[in-house]
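Visitor: Could you put the whole structure together from the sequences, leaning on the hints where they help?
Read top to bottom, the protein sequences are chains B and H.
Going by this note's numbering, the first sequence wraps up at 353, each residue one higher than the last.
Going by this note's numbering, the second sequence wraps up at 353, each residue one higher than the last.
There could be a bad hint or two in this list.
Chain copies aren't distinguished; within one or between two, either way the pair holds.
Straight-line C-alpha distance at most 30 Å; calculated BS3-like pairs for lysine-lysine [said to hold, decoys possible]:
| id | residue 1 | residue 2 |
| --- | --- | --- |
| 1 | 38 | 27 |
| 2 | 27 | 158 |
| 3 | 172 | 78 |
| 4 | 158 | 172 |
| 5 | 158 | 78 |
| 6 | 158 | 38 |
| 7 | 172 | 38 |
| 8 | 78 | 27 |
| 9 | 78 | 38 |
It should be emphasised that the hints constitute simulated quantities derived from the structure, not laboratory data.
Number of protein chains: 2
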Amino acid sequence: MPEAIRRSDHPADRLAGARYGNRPTMKDVAARAGVGLKTVSRVVNGEPGVTPETERRVQEAIDALGFRRNDSARVLRKGRTASIGLVLEDLADPFYGPLSRAVEEVARAHGALLINGSSAEDPDREQELALALCARRVDGLVIIPAGDDHRYLEPELKAGVATVFVDRPAGKIDADCVLSDNYGGARDGVAHLIAHGHRRIGFIGDMPRIHTAAERLRGYRAAMEDAGIPVEDSWMSLGVTDPQRVRDAAEGMLSGPSPVTAIFAGNNRVTVTVIRVLAEQTRRVALVGFDDIELADLLEPGVTVVAQDAAAIGRTAAERLFRQLDGTLITPERIELPTRLITRGSGELPPAD
Amino acid sequence: MPEAIRRSDHPADRLAGARYGNRPTMKDVAARAGVGLKTVSRVVNGEPGVTPETERRVQEAIDALGFRRNDSARVLRKGRTASIGLVLEDLADPFYGPLSRAVEEVARAHGALLINGSSAEDPDREQELALALCARRVDGLVIIPAGDDHRYLEPELKAGVATVFVDRPAGKIDADCVLSDNYGGARDGVAHLIAHGHRRIGFIGDMPRIHTAAERLRGYRAAMEDAGIPVEDSWMSLGVTDPQRVRDAAEGMLSGPSPVTAIFAGNNRVTVTVIRVLAEQTRRVALVGFDDIELADLLEPGVTVVAQDAAAIGRTAAERLFRQLDGTLITPERIELPTRLITRGSGELPPAD
DNA sequence: TAGAGCCTGGACAACGTTGTCAGATCCGGG
DNA sequence: CCCGGATCTGACAACGTTGTCCAGGCTCTA
Chain B
1 MPEAIRRSDH PADRLAGARY GNRPTMKDVA ARAGVGLKTV SRVVNGEPGV
51 TPETERRVQE AIDALGFRRN DSARVLRKGR TASIGLVLED LADPFYGPLS
101 RAVEEVARAH GALLINGSSA EDPDREQELA LALCARRVDG LVIIPAGDDH
151 RYLEPELKAG VATVFVDRPA GKIDADCVLS DNYGGARDGV AHLIAHGHRR
201 IGFIGDMPRI HTAAERLRGY RAAMEDAGIP VEDSWMSLGV TDPQRVRDAA
251 EGMLSGPSPV TAIFAGNNRV TVTVIRVLAE QTRRVALVGF DDIELADLLE
301 PGVTVVAQDA AAIGRTAAER LFRQLDGTLI TPERIELPTR LITRGSGELP
351 PAD
Chain H
1 MPEAIRRSDH PADRLAGARY GNRPTMKDVA ARAGVGLKTV SRVVNGEPGV
51 TPETERRVQE AIDALGFRRN DSARVLRKGR TASIGLVLED LADPFYGPLS
101 RAVEEVARAH GALLINGSSA EDPDREQELA LALCARRVDG LVIIPAGDDH
151 RYLEPELKAG VATVFVDRPA GKIDADCVLS DNYGGARDGV AHLIAHGHRR
201 IGFIGDMPRI HTAAERLRGY RAAMEDAGIP VEDSWMSLGV TDPQRVRDAA
251 EGMLSGPSPV TAIFAGNNRV TVTVIRVLAE QTRRVALVGF DDIELADLLE
301 PGVTVVAQDA AAIGRTAAER LFRQLDGTLI TPERIELPTR LITRGSGELP
351 PAD
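Guide: Printed below as a string of structure tokens:
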């Protein structure tokens, strides 16, 4: 996207000038200590070859002036920023907290800082963010894709920016990605309901253009087909996430001509709303949700879920990223992490007609 | 802390060399397009004074080479990084997700990126992080303090780094801070329990060296004193957060010589564990928690909480930060945001002896 | 047609740091 | 007394960008 480059929209321009308030530089320290510039550099970086006496003088000057090395300049000189970028969908989503935290821990272990931003599920914003991070020369990127075309990253990949896609695969480029087994997890979850006697099972999920949603839908269909149950259209609700519409969808499939006796919820937000709807029903309806939710065990009945391990996903992704940077890793791979069915009651309810 | 400056511990050193894979520079673009360096800069920044024909040639070269401006160099030249740092306690804590997101939104509105890190409640790590961010010359810092001495930031403040403390006040320096009314909220919550007939009320909270914990404890004591109820030591458990110890504490105060009939939980993690403990009791014990928790309304009984508005706190803090950068804001202030008591059932249970 | 004024483009320095290299100092031994 | 070597120190260029300033070519008018 040339626009991103052509138009002068750099954020810094909008901020008042002030060049961060004239901080002291190594030159200032050198002048005050009565030594050369390079000697200060040596002291600051703990390089050998400085007499204790000189070092003391320099250190004094540093403390007196409140000098702090300017890492921007250092980066410019050295070529590595020791920071990685994380583009996720929404920091406020409880699924991404632990993921983000796991990435941070790995980054920290490698001495890198984490710069992050939310795409809000908007492909343009994802691209804008990813490119902004590249412009800052992050050493690597962890991306939870919002869009499905990532060719805009080709020059970056070629330039050696380590990149790992998470939660959803990269679009139209060959890159590392770390996913949950969405298909298998959903299939198992639905099969679990079938095993408990359900045949009319509803599915509420996100837009199928989102990879995870599509895979989970596929898992649902597969489980139904394996059991020889034809799926009715009225049992499926796709592209629905905001609470009111989930509510409508759930109420719809509970009251149609062939009402469902169980619901499979395609993600944590859907699950929460469905729980609310089911709590209002007199009839007991079974529920299995994709993604674990806090306190799921304290509800009555406890909520059976297909859990993904967000921390493990983040950790795996970040570790691969640093192995790319090491040079240990060359060929992009697609890694699928298993999910885990946690039974707590709601998924084991028998069908009630 | 001189060490942070003296020793050569810069993260970049640990990563393999490779100077981000030889990315093309403006010079390369200029050579390819057959124009001068500055002309490329003009095109890239949308500055006037370039013929359409020249611009086209430059643009072609940019696309062909996959050029991306190096913002590190730009930063070095311009003096502003258009990024702000966020030091929080734990990204995985559900309280900080929305807070962080709110800060990000404001930053984005001002065209700035967000760099963040978790201190894990460790003062040294907080300092290390904050100083690392300053070394990168972030324009501003939002800090959720882990320590209680922030004099290490004095040179930064003097140098014009905008700084706002959040959730807990700054220690030993004069700086902006945005807090919840922890004292008032806790007092109201406990008063609520008292109003429902309770007299033996337990308090489980974090270490009083943490400001929020201390304030909430103070609120608890104030409410009790207002009601003329002497507090017994066995009713209070301080410095306890990990689940097992919270469990022990709760069970202890429920079974002692003068067992409590209600518990005030000092933060969300404590609340969750207490809910688990109470679910196992035969006797019904009232509960009010500080911080809202998801699904609190679906439990039986619903959980009454003193809610803070994490998003509002984050937004307020970030807005103040950018007003500092504008120069609109000079004098540091302490802002306390009100809390809100949300009654859902658990706090309205009558005492059961 | 000459001069003034405008438009376009480029040379150059500067931002603050680090790497290279050579100069200065000091020591002991021949 | 001088020299070799070890040790310490500093001058200088470079990283990739932007700001300043000037040159050259054009148009327009007198």
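Visitor: Each hint should be assessed against the structure and marked as holding or not.
Guide: Structure-based check of each hint:
1. 38 <-> 27: Both: 9 Å inside a chain and 28 Å across chains, each within 30 Å.
2. 27 <-> 158: between (37 Å within a copy, 19 Å between copies)
3. 172 <-> 78: Neither. Shortest intra-copy (32 Å) and inter-copy (36 Å) distances fail the 30 Å Cα cut-off.
4. 158 <-> 172: Within one copy, since 15 Å is at most 30 Å while 49 Å is not.
5. 158 <-> 78: both (19 Å within a copy, 28 Å between copies)
6. 158 <-> 38: between (35 Å within a copy, 26 Å between copies)
7. 172 <-> 38: neither (48 Å within a copy, 35 Å between copies)
8. 78 <-> 27: Both: 19 Å inside a copy, 19 Å across copies.
9. 78 <-> 38: Both. Shortest intra-copy (16 Å) and inter-copy (24 Å) distances satisfy the 30 Å Cα cut-off.
The earlier numbered hints that this structure contradicts are 3, 7.
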